[in-house]
Amino acid sequence: MNEITIGLSREDLPNSYIGRSVPRPSVAKLVEGRATYTDDVALPRTLHAAFLRSPHAHARFTVRDTEAALRVPGVVRVFTGHDLAALCTPWVATLEHLKGMKSAPQRPLPLDRATWQGEAVVAVLADTRAAAEDGALALDVEWEALPAQTDMETALKPGAVVIHPELGDNLAFRRTATHGDVDAAFATAHRVVEARFVTGRHTGVTLEGRSILADFNRADGTLTVHHATQAPHMIQEVLAQHLGLPAGKVRVVCKDVGGSFGIKVHVYPDEMAVAAMSVALARPVKFVADRFESFSSDIHARDHRILARIAVAEDGTIIGFDVDDLTGIGPYSVYPRTSAVEGNQVVNLCGGPYRFEHYRCTTTVVLQNKAATCQYRAVGHPIATAVTEGLVDLAAEALGMDPLELRRRNLIADDAYPTTSPAGMRFEGLSHHASLDKLLSMVPLDRIRADQAEARARGVFRGLGFASFIELTNPSPFMYGIGGARISAQDGCTVRMDPDGSVVAASGVTEQGQGTEAILAQIVAHGVGVSVGKVRVVTGDTLATPYGGGTWACRGAGIGGEAALQGALALKAQILEVAGAMLQARPEALDVVMGEVVDRATGTPRMPLGELGRILYFRGDTLPKDLPRELVQTRHYITKEYPFAFTNGIQASWVEVDTDTGMVTLLEHWCVEDCGRIINPLLVDEQVKGGIVQGIGGALYEHCLYDEQGNLLTTTMADYLVPMAAEMPEMHVGHVETPTRESLLGAKGAGEAGTAGAPAAVMNAINDALRPLGARVTEQPFTPARILAALGRI
Amino acid sequence: MSQRTEITLTVNGERVTRSVEARRHLVDFLRLDLGLTGTHAGCEHGVCGACTVRVDGVIVRGCLVVAASLDGAEVTTVEGLADSGEIRALQAAFVARNAAQCGFCTPGMVMTAADILRHHPEATRAEIREHLSGNYCRCTGYQAIVDAVQDVLEAAR
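Chains as they are written, first to last, in the working numbering: chain A, 3 to 796; chain B, 118 to 274.
Warning: the hint list may mix true and false statements.
[To be verified] Below are the SDA-like pairs computed for lysine to any residue, each with C-alpha atoms no more than 25 Å apart in a straight line:
| no. | chain 1 | residue 1 | chain 2 | residue 2 |
| --- | --- | --- | --- | --- |
| 1 | A | LYS31 | B | ALA185 |
| 2 | A | LYS31 | B | ALA139 |
| 3 | A | LYS31 | B | GLY251 |
| 4 | A | LYS257 | B | ALA213 |
| 5 | A | LYS31 | B | ARG235 |
| 6 | A | LYS257 | B | ALA272 |
| 7 | A | LYS31 | B | ASP188 |
| 8 | A | LYS31 | B | VAL212 |
| 9 | A | LYS31 | B | ALA243 |
| 10 | A | LYS31 | B | SER250 |
| 11 | A | LYS31 | B | GLY202 |
| 12 | A | LYS31 | B | THR125 |
What the hints contain is simulated information worked out from the structure, not anything from laboratory work.
Start from the sequences and build out the full structure, keeping to the hints where you can.
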């Protein structure tokens with residue numbers, strides 16, 4: 003048992019909040035309509051930006067006339083790429099540790115060539131958004147359409163359109179990981195099974211579009227940017243660097259964010275344009291992406307084609323995986339995290355839950371004339387999991403073995419840690435077998451198999467699919483920092499007590515609805531010894547919080563949470579020192595429980611914190627002269643032993659496939675995951691459920707469809723389908739807890755587990771349903787048309 | 118486009134008179150002209166439901182209603198439902214179930230949920246899911262929202 007449950011505050015104390023389902027305080031404002039999203043922030047003299055966007059996937063353009071636009075009532079200024087080139091330096095999104103990676107310089111607005119449909123090319127500023135859009139319509143721009151490279155399969159072949167001639171070709175990045183001797187092992191294996199997998203290009207569809215309100219104040223040279231972002235300090239660095247401002251003069255403020263999922267952790271050229279225009283005019287400039295702009299200019303993700311093989315022995319032992327991944331990332335790698343990371347994660351994660359000897363995985367990352375792809379929730383995990391778990395089920399089928407039995411034989415043993423995977427990932431402690439056992443205690447396997455047999459007898463096809471997975475969380479500087487990106491892997495928390503005994507915690511991690519602020523409040527309340535209602539949390543302001551990385555790669559609880567815990571413990575020690583002086587007691591003989599200093603041994607109340615605060619802040623003259631007075635403590639935390647804290651889990655999906663229509667009905671879904679110490683079970687379960695549904699979206703519905711010319715066909719919510727309430731299954735979430743020993747808190751991330759495993763579980767369930775019919779699908783999304791095609795019906 | 122119409126209507130029980138452009142939709146009217154930022158524009162083409170508000174007792178997509186057509190209408194937004202206390206039980210259930218994460222869909226979701234409470238008090242769980250299917254949520258996976266609505270319906274029975 004971690005000492006936090008013993009030494010810090012006894013588990014049964016009323017302020018022992020870690021591990022307890024405390025309702026999230028901020029939901030109250032959400033149901034009152036009192037949240038503050040970036041578009042809700044209104045500043046005097048604000049100009050609103052609208053962008054003319056490229057109608058072509060690839061085209062040269064000339065801005066012939068802006069006068070008509072400027073004559074539109076309300077329009078104030080027009081900015082072209084050339085105008086902004088003088089205000090904002092270009093960027094190239096590569097990371098040094100991704101060897102050989104290349105991309106082209108990108109600017110807020112291109113100078114004379116658009117490289118995807120939807121790329122912003124000219125900005126119009128007006129006193130209202132509607133007037134700015136009128137202005138954009140009145141622009142006279144001449145377009146010369148160019149051949150577009152849309153198919154990633156031909157991107158490196160002779161005759162391909164080289165999108166950036168100065169790069170020589172369309173290859174952005176390639177990496178192969180090898181372990182053992184794949185060719186020899188596969189040549190002699192009992193069985194080799196192979197398949198071609200496709201994951202559909204899809205996107206996050208945050209209900210709140212990307213939003214930015216930049217406000218440059220010429221008087222003091224400060225740029226204040228209200229921004230819907232996951233990483234305020236990263237944005238501060240990027241704005242300062244490319245606009246030529248000292249970072250200390252740039253403040254990024256992020257209040258409520260209407261969904262992120264990775265979409266809002268990147269640098270978007272149109273948002274850089276907004277900040278640059280604000281600096282140019284010394285007035286606030288606002289831009290909120292509308293839905294069309296979101297579909298065509300938010301990052302997309304998961305556009306992969308994977309050819310993969312698994313080799314197994316006669317007894318079901320996995321011998322190796324051999325994987326060839328190809329992904330198209332659009333015309334530019336996205337700044338500053340790069341668009342090579344998703345493919346790189348596929349290389350890192352394939353085969354992840356299993357013990358095997360031989361591994362080869364190559365990712366080939368190519369440029370194309372479509373919207374850029376980059377990191378979206380569970381980066382690379384759903385792809386690697388679909389490949390791995392798809393192959394495991396195919397191997398079980400080839401061997402005539404129960405897929406659960408094959409998993410049991412090959413999942414890394416729970417007592418085998420620490421261990422390193424063939425892909426080179428170091429695992430501190432995982433629980434695949436305990437998680438599988440837990441899952442089977444939740445899934446009524448006998449009832450389901452009986453139901454399945456009975457249904458098949460009447461021509462109804464139901465299937466049960468499983469997917470084990472690993473998830474990368476708590477990233478160290480090995481993720482981005484070593485590649486040269488100014489993205490902090492460390493995070494901090496300042497915890498202070500005010501005179502009334504209330505506590506304020508300011509953290510560098512951010513809140514996008516997952517409950518970061520709620521868990522930080524719980525941790526701080528637990529650590530200091532106060533009621534959770536006495537803690538207020540400040541996030542999302544580079545001027546008011548310790549420097550940190552923000553929220554991505556499931557780092558909020560594990561890294562931000564540990565910093566908060568250490569800060570809270572330090573504050574408590576300070577409180578006890580002051581209390582000891584006031585009460586003439588040894589600090590070690592005292593404790594803080596529910597906002598009162600008490601005798602540690604007996605629990606007898608000695609002094610409320612409000613009284614301690616009153617004396618300290620207002621009658622400091624009565625205290626010993628050498629007594630430290632700082633009821634404020636800051637602690638930072640960074641992981642040091644492991645590059646990442648891996649988590650694990652397993653999901654099961656129970657579906658029915660209508661073989662006449664190809665429609666899939668999701669009947670029920672289960673997930674067991676191990677995110678280490680659980681701080682708030684309610685919030686973890688909600689993260690898992692929401693993640694599952696996003697994974698299901700990619701598996702069944704969501705698809706950014708382009709035609710051969712690079713025209714995006716899914717630009718409305720009527721064309722791009724997302725999961726709705728009626729079609730989602732009831733979900734059951736269970737847990738195994740293997741705390742990381744790297745921190746006192748022991749927490750790892752939980753936000754991406756659902757998304758990582760759901761598509762594979764759904765795929766395996768559909769294929770389990772279709773197996774008696776000799777049909778199989780491996781190309782996401784599993785649309786009715788694809789299922790009917792697999793059945794030979796169309 | 119610059120043609121303007123003067124309208125007088127009741128919003129959350131208060132009489133307001135404004136001159137609006139012909140193209141001004143109800144969401145922009147509420148947010149920009151009245152400062153009622155609880156109502157959100159999610160897609161502006163009538164699919165996502167984030168802009169759901171009540172007009173003359175019926176829930177509508179605010180993005181598909183032109184403000185100029187609302188002379189004499191009675192409009193209620195999430196702020197109005199919160200002030201009147203009509204959704205107190207729903208709000209408590211949403212908090213208890215954590216039925217909101219980012220919260221951007223929440224006001225629209227609450228408007229639709231309140232409509233279920235008013236018009237379909239006997240709704241089954243499947244019917245709750247059907248009724249909520251015009252409101253997209255990208256965070257929760259819907260289960261907690263369905264739970265919250267079901268809790269309130271059952272408590273009222």
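Results for each hint:
no. : hint                : result
1   : A:LYS31 - B:ALA185  : violated, 30 Å
2   : A:LYS31 - B:ALA139  : violated, 33 Å
3   : A:LYS31 - B:GLY251  : holds, 23 Å
4   : A:LYS257 - B:ALA213 : holds, 23 Å
5   : A:LYS31 - B:ARG235  : holds, 23 Å
6   : A:LYS257 - B:ALA272 : violated, 35 Å
7   : A:LYS31 - B:ASP188  : violated, 31 Å
8   : A:LYS31 - B:VAL212  : holds, 10 Å
9   : A:LYS31 - B:ALA243  : violated, 28 Å
10  : A:LYS31 - B:SER250  : holds, 23 Å
11  : A:LYS31 - B:GLY202  : holds, 14 Å
12  : A:LYS31 - B:THR125  : violated, 29 Å
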